[in-house]
Amino acid sequence: MLAVTRLSLIQNSLHKCGILGTVQVCHLSEATHNVTPYKLHRLDQGPNTTVTYTREDALKYYKQMRMIRVMETTAGNLYKSKIIRGFCHLYSGQEAIAVGMEAAITPEDSVITAYRAHGWTYVRGVSVHAVLAELTGRKTGCANGKGGSMHMYTKNFYGGNGIVGAQVPLGAGIAFAHKYRQEDNICISLYGDGAANQGQLFEAFNIAKLWNLPCIFVCENNGFGMGTSAARASACTDYYTRGDYVPGLWVDGMDVLGVKEATRFAKDYVLKNGPILIEAFTYRYHGHSMSDPGTSYRTREEVQEVRQTRDPIGKFKDVIVNSGLVTNAEIKKIEDDVKKEVGDAAELAKTDPELPLEELYSHIYMNPPQDMKVRGCDDTVFASTK
Amino acid sequence: MATKLRTLRKASSQLAFLLQRCSRSSILNQTIVSTRCMHFVYVPETPPREFGETTRMNFFQSITSALDIALAKDSSAVLFGEDVAFGGVFRCSVGLKEKYGADRVFNSPLSEQGIVAFGIGVALTGATAIAEIQFADYIFPGFDQLRNEAAMYRYRSGNEFDCGRLTIRAPCSAVGHGSLYHSQSVEAFFAHCPGLKVVMPRGPIQAKGLLLSCIRDNNPCIFLEPKILYRSAVEEVPTGDYMLPLSKAEIVLEGTDVTLIGWGTQVHVLRELAGLAQQKLNVSCEVLDLCTILPWDRETVIKSVIKTGRVLISHEAPITMGFGAELAATIQKECFLNLEAPIERVCGYDTPFPHVFEVFYMPDKWRCLEAVKRLISY
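Chains E and V, in that order, give the protein sequences.
Letter by letter, the first sequence follows residues 1 to 386 of the working numbering.
Letter by letter, the second sequence follows residues 387 to 764 of the working numbering.
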């Protein structure tokens with residue numbers, strides 16, 4: 001369903017004028033947007049379906065989503081050129097979720113996700129350069145090149161986890177820490193529709209509800225758990241209801257403004273009432289990982305149709321341009337800037353210094369015993385560790 | 387410091403060697419240290435004549451062939467796992483759903499503990515359950531079920547119940563670029579569980595024969611498939627039904643001076659090593675493929691060591707508590723007076739499987755060659 005945008009006459013004001021090229025453009029400062037209706041589970045009231053956003057919001061979200069898209073395309077190309085090692089899972093198609101959620105939380109709130117982590121790493125404050133350098137295994141990567149695609153971290157962003165579903169209970173633990181320290185912060189614990197069937201999720205739901213932890217469980221439903229469609233893997237595909245006694249809400253994950261509002265609502269809710277489950281309905285353009293062409297279990301036409309009708313970036317562009325907040329020239333400028341920034345970052349990621357060999361043996365233990373040596377391939381090699 | 391320097395020197399010489407083996411284009415592009423060159427050469431083998439007609443197959447095709455035969459001959463057999471119905475991520479089950487129907491070849495949810503446990507349940511009823519865990523690295527959510535249910539069912543029920551018709555297949559080991567969670571060799575974890583059988587084949591011929599044996603064996607089996615071999619190992623494989631014995635090691639190459647023991651991919655490294663040792667050191671090596679890790683073939687190993695008096699054990703998994711440790715302990719007990727030198731082990735580092743340091747981590751033939759030198763000069 002296409003989101004409808006309308007101008008709010010009351011809020012509109014001729015706030016800002018600028019000159020772009022030879023054309024003088026006047027900007028409105030705010031607009032409103034109607035979100036695809038949410039679906040609710042065990043909630044009397046949901047988030048607002050009409051949301052207001054500013055020109056700055058529009059420019060920021062557009063730039064962030066665009067950045068993720070171009071970064072992922074670049075990562076895919078680097079992988080194909082065999083410059084990236086490890087496995088590589090791309091976020092293209094799902095950008096509105098990371099960008100929308102981050103917009104509704106603060107840097108003091110926590111996030112933990114699975115291995116499709118590049119976009120989240122970026123919105124949590126890591127530069128495109130540090131993301132790409134992590135992928136290429138360089139010292140300048142956000143995990144010093146030791147994690148690679150699936151393992152990226154920064155302050156209050158706990159990664160970056162390789163085992164499907166394993167991060168979800170960790171999110172409950174992080175939420176408990178916030179509560180125990182009496183902080184007004186929450187943890188967002190993300191997983192996919194594939195992981196939604198892992199047993200440990202249900203252990204996490206129970207613990208989180210039992211102790212009313214400030215945890216937002218988020219199911220990013222992109223339609224496929226690896227190569228198996230949601231309907232073939234899940235007895236119930238209404239993922240927002242799968243927490244049973246944990247209230248849930250469904251949001252259009254292709255609408256950054258809807259995701260932001262749902263997250264704002266959820267943060268407020270979990271701080272007062274304990275956990276909530278958000279299903280963000282989205283789509284993954286690429287295969288599950290780079291080894292999966294993504295075409296053996298769905299048609300190219302299906303992917304093409306989503307790109308044309310539901311794309312979170314294209315749709316948002318229409319919304320903000322039609323609202324009069326942003327001009328096409330500004331969009332073009334953002335796209336050029338993004339292209340340059342990612343291009344420069346990719347060059348650095350290819351040429352930055354590699355990790356010194358000592359890093360093979362470091363970070364196995366914290367404060368290893370003073371004389372501890374890591375045994376190498378045989379008994380002639382014992383390497384110092386730190 | 388000296389040790390560190392030596393390690394660095396060794397590492398750099400390895401890297402130089404690997405780069406030589408990479409294509410020219412990647413050498414020219416200095417920003418790429420492409421390590422997707424294989425660290426061994428696969429030498430095709432010839433199947434025994436008595437197995438009949440053969441055709442050219444790679445490793446994954448030989449697995450498909452084994453699964454095909456198992457499903458055709460055993461109407462109770464079912465095959466399932468993540469993405470298995472459309473052929474599996476490594477193409478091992480291509481065409482089987484079409485041939486045997488969606489009620490016998492089906493996708494499971496992404497749920498490793500569920501897959502293993504479901505398989506145990508199916509096997510408890512006497513049916514044949516063949517389950518795939520997509521990567522051995524991901525088998526651990528199912529570890530509890532394998533260790534506490536599958537391995538003990540027969541024992542704890544006084545032989546009244548068992549899940550012997552369960553076979554878990556899982557791709558394992560290094561692949562050149564797999565990083566932390568797509569490279570692990572997990573055999574030693576399961577070798578600590580009496581009641582399980584653990585098997586790792588070295589090539590298409592063995593893969594088919596051993597897999598059929600596992601599927602038909604009346605004990606729960608974990609069948610680990612070195613994924614680097616799926617496409618790279620190609621040879622003539624018998625098209626018909628044949629089984630190779632479990633718990634039987636195979637002498638891949640006969641020799642007199644040093645026994646080299648490995649399994650899976652490492653057998654090929656050792657085979658190359660034998661050539662190197664002959665050429666550079668004039669040392670004759672006997673290469674032994676353990677094939678079954680648990681229960682393992684003590685007799686063949688001991689016999690060989692009694693003959694040679696020198697042993698090198700090599701595996702990709704970390705050296706500490708790798709299965710080589712068990713072999714070494716048994717060999718020193720059984721062959722103490724035959725040993726001419728301390729047993730050597732060349733294995734993976736005691737680190738997580740690294741992201742960018744795979745070439746440094748691997749127990750390659752040069753490291754093994756150094757060990758052979760130590761063995762003969764002791």
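No wet-lab data here; the hints were simulated from the structure.
Keep in mind that a hint or two might mislead.
Calculated pairs, DSBU-like style, for lysine-lysine (alpha carbon to alpha carbon, straight line, at most 35 Å) [what the hints assert, rightly or not]:
#1 K373/E to K483/V
#2 K155/E to K139/E
#3 K80/E to K272/E
#4 K332/E to K759/V
#5 K634/V to K483/V
#6 K483/V to K386/E
#7 K719/V to K689/V
#8 K315/E to K272/E
#9 K179/E to K60/E
#10 K689/V to K666/V
#11 K80/E to K634/V
#12 K459/V to K373/E
#13 K340/E to K373/E
#14 K155/E to K63/E
#15 K82/E to K689/V
#16 K60/E to K340/E
#17 K82/E to K272/E
#18 K373/E to K315/E
- [ ] Tell me, in ascending order, the numbers of any earlier hints that this structure violates.
- [x] Result: hints 1, 3, 4, 6, 11, 12, 13, 15, 17, 18 break, sorted rising.
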